[in-house]
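J.: Chain by chain, the residues:
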Amino acid sequence: MSTFDHRFSRRRFLQASAAVGATVSLGGITAACNVVGQQGGTFNWMTWGDHYIDSQLKAIEESDKIIANITELAGNAEGFAKLKEVKGQLDMISGDALWVPAYYDEGLIEAININDFKVASQLYPLAREFKIWTVPGGYLGYPFGWSPISIYYNPKFVDPAPDSWEVLLDPKYKGRVVVENQPEEIVAYMGKASGVEDPYNMTDDQLATVKGLLEQLKPNVLRFAQQSIDSVNSMISEEAWLITGNLGNEDRVKEGGGPEIKSFIPKEGTVGWMDAEMTVKEGANKSLLKPFLEKAEQAENIAANFLAQGRPLFNEAAYKILVNSGEKDRADRYLYNKPETVNSMTLKGPGLSTAKSIQLFNEVFGA
Amino acid sequence: MSAEIVGGAAVAPPTTMTIGRGARLRQLAPFLPAGVILIGLFFAPLALMLVFSFWQTNEKLDIVATWSLQNYANFFDNPTYVRTLAKTIIIGAGATVACLLMAFAIAYFLARYVPRRWATIALLAIVVPFWTSYLLRVYSWQAILGEFGAINQVLMGLGLISEPSRLFVYNDASTFIVLVYVYLPFAALALYASLERFDFTQLTAAQDLGARPDQAFRHILLPQIRPGIITACIFVFIPILGEFLTPIMVGGANGLLIANLVSNFFRNALIPEGAAVAFMIAALVTLLLIVFRRYLQIEDVVARG
Amino acid sequence: MANRVDPLETMPVSRYARSVSRGLRLWFGLMMVFLYVPILFMIVFSFDESRTPGLPITGFTLKWYEVMLGNRVLLRALGNSLTVAAIVAVLATTIGTMAAFVLVRGGIRRRNAARIVFTMPIMVPGVLIGVALLIYFARVLHMPLSLVTVVAGHLTFTVPFVVLIVAARLQGFDRALEWAAADLGASPRRAIRHIVLPLIAPAILAGALISVTLSIDEFVITWFTVGAQATLPTYIYTQIKFGVTPEVNAVATVLLGVTLAFLGVAALILSRGRALSGRLRRRRPTA
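Chains as they are written, first to last, in this note's numbering: chain Z, 1167 to 1533; chain W, 259 to 563; chain V, 207 to 493.
With the rest of the complex left out, here is chain Z (with noise of 0.2 angstroms):
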């Protein structure tokens, strides 16, 4: 009988340990992260990880005593079938250029009175004005950055200067390249390197021709990053020659310990994404994110995100603080006085040949 008793008893003890350490943690991780007061509240926002910087959450939750909860945006098309099963349950979503319309004709997002905000005389004008995102109930979203994938380089092995797409495919460069993991942006990249205008609604002979494009350029992927820091320390390493990207990278491997590189747009014109936070239609704690944004998007917690990312972004006092502080040189070189650049790029979007491309993708990575 002692025996029963010294399993039971013994089984009893793991469990009850279990259950007590678990609740332990639990309790003491709920009392770290006691929340401030109710008054102002929390909203759910699904977005990129480099749209704001925790010091600057912290800073409105103490003024304001909103909490933003944010969850991981992985992709456009993956926030976009997300919210379309979960609704209300987020309250701001990120978009690129084109899909915020698809949000909108999806009745995702509702649209904003941009004037209302008093922060929106920060941006430049024409990010208030831009025709996508304009209907008639008002402005689809609040503009926060842009950028044109550029490729970069390394001068020491990459030799002569590129100006084209046509570097990466070339045989050269065998193994040193290394693109991020979205498999349709690849495929527009080669898109727009074989002449077509708009990659992402391609027929099936601009289709076929990239095929072949893609074909070439398999061989010399290193690797697919998962995100833009994986590329930055490829380039630092040196075990890749050339990466795409957003602006802004040579200065990230440069303080990454890395060596020089150099960027360019390709000459035969490159795609590229300009974004706005959006109002989800459904959200319960709607009322949280104008007072939010209005803190969330002042001029010097957009300089400090240009310092920390790099690439530009649409609040034009951020750049006069940027010139003031002695930056205007970086900022210049980023094209952030120039966000009319937007409309020399082909914006990101949801397109007709998307299915075809993914398909086409992974005929040629395929095995």
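Keep in mind that a hint or two might mislead.
Stretches of chain V that chain W covers, calculated by requiring three or more beta carbons in the stretch to come under 8 angstroms of a beta carbon on chain W [stated by the list, open to error]:
(1) 229 to 243
(2) 304 to 310
(3) 317 to 327
(4) 354 to 363
(5) 411 to 423
(6) 436 to 442
(7) 457 to 463
Below, a list of computed lysine-lysine pairs in the DSSO-like style, where the Cα atoms sit at most 27 angstroms apart [to be verified]:
(8) Z:Lys1297 to W:Lys318
(9) Z:Lys1452 to Z:Lys1224
(10) Z:Lys1433 to Z:Lys1522
(11) Z:Lys1452 to Z:Lys1231
(12) W:Lys318 to Z:Lys1447
(13) W:Lys345 to Z:Lys1377
(14) Z:Lys1297 to Z:Lys1253
(15) Z:Lys1250 to W:Lys318
(16) W:Lys345 to Z:Lys1340
(17) V:Lys269 to Z:Lys1420
(18) W:Lys345 to Z:Lys1384
(19) Z:Lys1377 to W:Lys318
(20) W:Lys345 to Z:Lys1522
(21) V:Lys269 to Z:Lys1224
(22) Z:Lys1522 to W:Lys318
(23) Z:Lys1253 to W:Lys318
(24) Z:Lys1340 to Z:Lys1322
(25) Z:Lys1461 to Z:Lys1504
(26) Z:Lys1250 to Z:Lys1297
(27) Z:Lys1284 to Z:Lys1224
(28) Z:Lys1494 to Z:Lys1284
(29) Z:Lys1322 to Z:Lys1338
(30) Z:Lys1461 to Z:Lys1284
Calculated from the structure, these hints are not laboratory results.
Note that CB positions come from ideal geometry on N, CA and C, so glycine has one too.
Go by the hints and put chains W and V onto chain Z.
T.: Using the frame of chain Z, we list chains W and V on its own:
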């Protein structure tokens, strides 16, 4: 049938024969929560996905009820899917064999030469890596295998090579190594559970009767631990069919496996297309399970008394 | 159960026996090194001065542990993971054990088919289950995503594990013990509670252990079914996307340390208990 139920003992239970309907239901009642979970959280959602796999996506990325075999036809028309599935099967089979061989030596050592208490500790030590993040472990392998990773640095430091070797840099070999690394503990546990029940004195007896060691091994040991071997195979091979994180992180551009192709669809909100390919994988798995159904004994994977 | 006889007594006369045993010992050591090298890297990087984990190591610092303690998002994710794992373990173990009883004793005719049915959730690619659950929760059940849906998703594959492990153990169970108890006047329920459960406790425990292990590091299904919360694996994934900073390594190291400590304590208690029960058990005819 009653002999089957009572665990081998061919003695009739003292309880009576006739069981009324109510008692039968009460007997099956404890199964209810599991049944609800199985049906409600597994079969129902998958049935929905199966239906979707026969539908299409429109330009607004909605799933529309246009019935069509297009997605499945694509799987066979577009040669990449079959080729990638074949490649995944090959890498999976290779990794399974490697895991089996490596894990067998571990399990045999622990079962035969190590006292029970230490064997348990050793097994826990093997399992403990599971308690750290899978993502971080694979990420660490990047630092080991990369061009400027640990292996190359050691080899260069020892003067064995003058330039960094690109042997394991983002290719199928890397994927293979990391997959073996990730699934080795599974194989070790499954094999140990089987070996632990084996009576090693049989080997001595066989040799006393004149068998060579390898004969004893092949004719006495292997047949008896066959369930464990099959379990190990299943627990290594089948999850590899669904692996997409490892190939992307260490496999490079040429290392995509079939689950990567599926996730490419899902990440672009192309659910019907992705579902079709995923169900082809699931169909293959179900086929394998049916073929090996007799061996599906999951022994105590943690060896306790 | 194999009798624990001294190997030296039963060692075959083969000449190679000793070198085989030595070879196996060496192999075992090698394998442990193989298993732990990436983990050591992970731990070492948590002390690395440089912001991006990778060789070479630039300097040693504890600052990432400080940052980790101040990172509320990370700590909240950790808390969520632990909560979910605890709940999943309790639920999966209970539900699975109950189902195992019915599976083994309920007179189900096609046992192999039942086994296949229970094995399927483990074998279907996680991506498929994740997407399926997301759509199912949203469109069919109209359930908001939260830790509840995460727990539900985890139960999908942990319950089968528990069922299969406990069923395997239950199948070899000697029912004579229960009938003896019945002869002595115990009701079926009492017999189960005091005889069967304690004896299959190791299997139940193994099932619970596996449930916790699988749940804590579950990424794929969680990614699809989580609402506005984060669990540790999803947090780590977002970090990997934006650049793993060593604070993630710090968390993993701490988690590892806590686990080892916990297991060490459990092992001590178990070994002491087993010494007693082992002696008692050897006197019974069957295990």
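J.: It remains to establish, for every hint, whether it holds in the given structure.
T.: Each hint tested on the structure:
Using a Cβ-Cβ cut-off of 8 angstroms, 10 residues of the stretch 229 to 243 of chain V lie near chain W, which meets the minimum of three, so the contact claim holds. Here's how the stretch 304 to 310 of chain V fares: 6 of its residues keep a CB closer than 8 angstroms to some CB of chain W, so the rule of at least three is met and the hint holds. Chain W is given as covering the stretch 317 to 327 of chain V, and this holds because 9 residues of the stretch bring a CB closer than 8 angstroms to a CB of that chain, at least three being needed. By the rule of at least three residues with a Cβ nearer than 8 angstroms to a Cβ of chain W, the coverage given for the stretch 354 to 363 of chain V holds, with 4 such residues.
With a cut-off of 8 angstroms between beta carbons, the stretch 411 to 423 of chain V has 7 residues touching chain W; three or more are needed, and the interface restraint holds. Check on the stretch 436 to 442 of chain V: 3 of its residues sit with their Cβ under 8 angstroms from a Cβ of chain W, so the three-residue criterion for coverage holds. Remark: the stretch 457 to 463 of chain V is confirmed as covered by chain W, as 3 of its residues place a Cβ nearer than 8 angstroms to a Cβ of that chain, reaching the required three. Taking the CA atoms of Lys1297 (chain Z) and Lys318 (chain W), the gap is about 20 angstroms. The hint holds against a cut of 27 angstroms.
About 20 angstroms separates the Cα atoms of Lys1452 (chain Z) and Lys1224 (chain Z), which keeps this hinted pair within 27 angstroms; it holds. With a C-alpha separation of about 26 angstroms, the suggested pairing of Lys1433 (chain Z) with Lys1522 (chain Z) holds against the 27 angstroms cut-off. For the hint pairing Lys1452 (chain Z) with Lys1231 (chain Z), the CA-to-CA distance comes to about 15 angstroms; that is within 27 angstroms, so the pair holds. For the hint linking Lys318 (chain W) to Lys1447 (chain Z), the alpha-carbon distance of about 18 angstroms falls within 27 angstroms, and the restraint holds.
Using a Cα cut-off of 27 angstroms, the hinted pair Lys345 (chain W) and Lys1377 (chain Z) holds, with the two alpha carbons roughly 22 angstroms apart. Between Lys1297 (chain Z) and Lys1253 (chain Z) the CA atoms are separated by roughly 26 angstroms; this keeps the pair inside 27 angstroms, and the hint holds. At roughly 11 angstroms between alpha-carbon atoms, Lys1250 (chain Z) and Lys318 (chain W) fall within 27 angstroms of each other, so this suggested pair holds. This hinted pair checks out: Lys345 (chain W) and Lys1340 (chain Z) have alpha carbons roughly 23 angstroms apart, not beyond 27 angstroms.
For a cut-off of 27 angstroms, the pair hint linking Lys269 (chain V) to Lys1420 (chain Z) stands: about 23 angstroms separates their Cα positions. Of the pairs offered as hints, the one joining Lys345 (chain W) and Lys1384 (chain Z) holds, with about 17 angstroms between alpha carbons and a cut-off of 27 angstroms not exceeded. Proposed proximity of Lys1377 (chain Z) and Lys318 (chain W) is supported: the alpha carbons are some 25 angstroms apart, at most 27 angstroms. Simply put, Lys345 (chain W) and Lys1522 (chain Z) have alpha-carbon atoms about 23 angstroms apart, close enough for the 27 angstroms limit, and the pair holds.
For the given pair, Lys269 (chain V) sits about 20 angstroms from Lys1224 (chain Z) by alpha-carbon distance, which is consistent with the 27 angstroms threshold. For the hint pairing Lys1522 (chain Z) with Lys318 (chain W), the CA-to-CA distance comes to about 15 angstroms; that is within 27 angstroms, so the pair holds. Simply put, Lys1253 (chain Z) and Lys318 (chain W) have alpha-carbon atoms about 16 angstroms apart, close enough for the 27 angstroms limit, and the pair holds. Between Lys1340 (chain Z) and Lys1322 (chain Z), the direct Cα distance comes to roughly 16 angstroms. Compliance with the 27 angstroms bound is thereby established for this hinted pair.
For a cut-off of 27 angstroms, the pair hint linking Lys1461 (chain Z) to Lys1504 (chain Z) stands: about 24 angstroms separates their Cα positions. The suggested pairing of Lys1250 (chain Z) with Lys1297 (chain Z) holds, with an alpha-carbon distance near 25 angstroms, which does not exceed 27 angstroms. Between the alpha carbons of Lys1284 (chain Z) and Lys1224 (chain Z) the distance comes to roughly 22 angstroms, so the proposed pair stays at or under 27 angstroms and holds. This hinted pair checks out: Lys1494 (chain Z) and Lys1284 (chain Z) have alpha carbons roughly 25 angstroms apart, not beyond 27 angstroms.
For the hint pairing Lys1322 (chain Z) with Lys1338 (chain Z), the CA-to-CA distance comes to about 14 angstroms; that is within 27 angstroms, so the pair holds. Among the hinted pairs, Lys1461 (chain Z) with Lys1284 (chain Z) is consistent with the structure: their alpha-carbon atoms are about 10 angstroms apart, no more than 27 angstroms.
Going down the numbered hints, you'll see the structure goes against none, and every one checks out.
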